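If you read the sequences in order, they're chains S and P. Going letter by letter, the first sequence gives residues 1 to 373 in my numbering. Going letter by letter, the second sequence gives residues 374 to 448 in my numbering.
Because the hints were derived from the structure by calculation, they are not lab data. Here the structure is a predicted model, which means the values were calculated and not measured. Please note: incorrect hints may appear among the correct ones.
Within a straight-line C-alpha distance of at most 27 Å, the following computed DSS-like cross-link-like pairs (lysine-lysine) qualify [said to hold, decoys possible]: (1) Lys411(P) - Lys400(P); (2) Lys262(S) - Lys109(S); (3) Lys400(P) - Lys262(S); (4) Lys335(S) - Lys317(S); (5) Lys107(S) - Lys317(S); (6) Lys411(P) - Lys317(S); (7) Lys262(S) - Lys155(S); (8) Lys411(P) - Lys2(S); (9) Lys155(S) - Lys2(S); (10) Lys317(S) - Lys329(S); (11) Lys109(S) - Lys411(P); (12) Lys335(S) - Lys107(S); (13) Lys14(S) - Lys2(S); (14) Lys411(P) - Lys262(S); (15) Lys15(S) - Lys2(S); (16) Lys400(P) - Lys329(S); (17) Lys317(S) - Lys291(S).
Here are some chain S residues the structure puts well away from chain P; computed CB gaps all over 10 Å [to be verified]: (18) Met1; (19) Asp9; (20) Arg31; (21) Glu83; (22) His198; (23) Gly223; (24) Leu227; (25) Lys317.
Heads up, the beta-carbon is just placed ideally off N, CA and C, and yes, glycines get one too.
For reference, the chains in residue letters:
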Amino acid sequence: MKYVDEFRDGDLAKKLLSDIAQEATPDQIYRLMEFCGGHTHALSRYGLLGMLPANVQMIHGPGCPVCVLPIGRIDLAIRLALEHDVILCSYGDCLRVPASDQMSLLKAKARGADVRMVYSALDAIRIATDNPTRQVAFFAIGFETTAPPTASIIKQAQAAGLGNFSVLCNHVLTLPAMEAILTQPGGVPLQGLVGPAHVSTVIGSQPYQSIAARFNMPIVIAGFEPLDLLQAILMLLRQVNEGRAIVENEFTRAVTPLGNRKAQALVNEIFEVRASFEWRGLGSLPLSGLKIRAEFSNFDAEQRFPDLIYRTVPDHKACECGAILRGEKRPHECKIFGTVCTPDNPIGSCMVSSEGACAAHYTYGRFRDETHE
Amino acid sequence: MCLAIPALVVELLPDDMARIELDGVRKEISLALVENVKAGDYVIVHVGYALQLLDQEEAAQTLALFAELKGSAAA
């Protein structure tokens, strides 16, 4: 595949790993956080974690939208489906996340709720057009990458005068989460951040400058392929060693300083920032989530179905997703990892989502733990 | 879920849509979020939408960067 295979070249990987080994000063520990769940997954999947020098430690961040979605929001979607006979359209990842009362969207479907997996927001609007007598709701999740598609379909719904369509909006913002990680008391000290790939294609590289400056934190935006990640890690090590703390962009083939202005404008047209939004693992963060503007309130499921009131629901007692999302613990430090909690029987969101730290570790990494014990 | 892949635009379609090809598989996606896309361009596709044009020159430069030999050995 063009623009994929070249970025997975084995010889270049070896060369970059050797550069990294040379750059990593032996008596220094480099703690780097990969913010994005897709990066966590790539690091595991390509075996990069085992090939980095021992003093370069990668710490998972909260950049997995399914993982940070609190149980209470999934409960709202389940109620929409079960109590309001809505056709509930959702991205696949959300379907198996355990919610309250032993439920999940998939289990709600087994109970007769009309829950449908969609690959794209476009599918949701097609379902609404094809089922004019039914209410259709789209369970919108994701960071700044998926907010523009949601905005686009709301605009389309308005233009088409679709009266049976609404969106349950759970979009969240990257920078407030980064700030929360960097300001949390008792948080793990970090020397650098690997910036998210596709969020950055939308927002650009410029917004991260405030974080780099405020926290004296090197940030390198990286693409998803293994060579991208290795190069980004190398660039971070160089910044740390040279005492620099700026935003650098490794993913120049898709990220520009200003990002995708068209997508940003569309998002600003449809959404505004919520005063606060609750995140799994990070608590309520101010100005961290999006809500549909009043002009488009016809398409806001929380307006159309006023009995949908959010209630905070704590995670399962043994579940360490919160600590893992903050980078404080690693998957194997969760007591139920790999035993009770597995991809077939997930207890928390980090094991369900393809970008969750626990899922990545279970699929690609846990064998390494076993050989080291 | 946030994963997105570079895909080749093979054909522009009405209503701001396009047909893309990825490793032999063809799919229709929306161009509502991008501008000035032509057949032959590569786009980053995510959840059925093109999010950004892939800058082919930058891609070549990035590959060259990986292969770059480091300057003098680190002090």
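Given the hinted pair lysine 317(S) and lysine 329(S), is their Cα-Cα distance within 27 Å? 15 Å, holds
27 Å limit on alpha-carbon distance, applied to hinted pair lysine 317(S) and lysine 291(S): Judged against 27 Å, a Cα distance of about 30 Å means the pair is violated.
Status of the stated non-contact between histidine 198(S) and chain P (beta carbon gap over 10 Å): Since the minimum Cβ distance to chain P is about 5 Å, histidine 198(S) lies within 10 Å and the statement is violated.
Take a quick look at glutamate 83(S) and tell me if its Cβ sits farther than 10 Å from every Cβ on chain P, holds or violated. Label holds. Min Cβ-Cβ 27 Å, cutoff 10 Å.
Is it the case that glycine 223(S) keeps its Cβ farther than 10 Å from each residue Cβ in chain P? With a cut-off of 10 Å, glycine 223(S) comes too close to chain P, as the shortest Cβ separation is near 8 Å.
Does lysine 14(S) pair with lysine 2(S) here, judged by a C-alpha cut-off of 27 Å? Within the cut-off at roughly 21 Å; holds.
Holds or violated: lysine 411(P) with lysine 2(S), Cα cutoff 27 Å? 17 Å, holds
Consistency of the no-contact label for arginine 31(S), given chain P and a CB cut of 10 Å: 20 Å, holds
Holds or violated: are the alpha carbons of lysine 107(S) and lysine 317(S) at most 27 Å from each other? 21 Å, holds
Between lysine 15(S) and lysine 2(S), is the straight-line Cα distance small enough, at 27 Å or below? 21 Å, holds
Has the given pair, lysine 411(P) with lysine 317(S), been kept, meaning a C-alpha gap of at most 27 Å? 53 Å, violated
Regarding the assertion that methionine 1(S) does not contact chain P, is the least Cβ-Cβ distance greater than 10 Å? 5 Å, violated
Hints 2, 6, 9, 11, 16, 17, 18, 19, 22, 23 and 24 from the list above are not met by this structure, while the remaining hints are.
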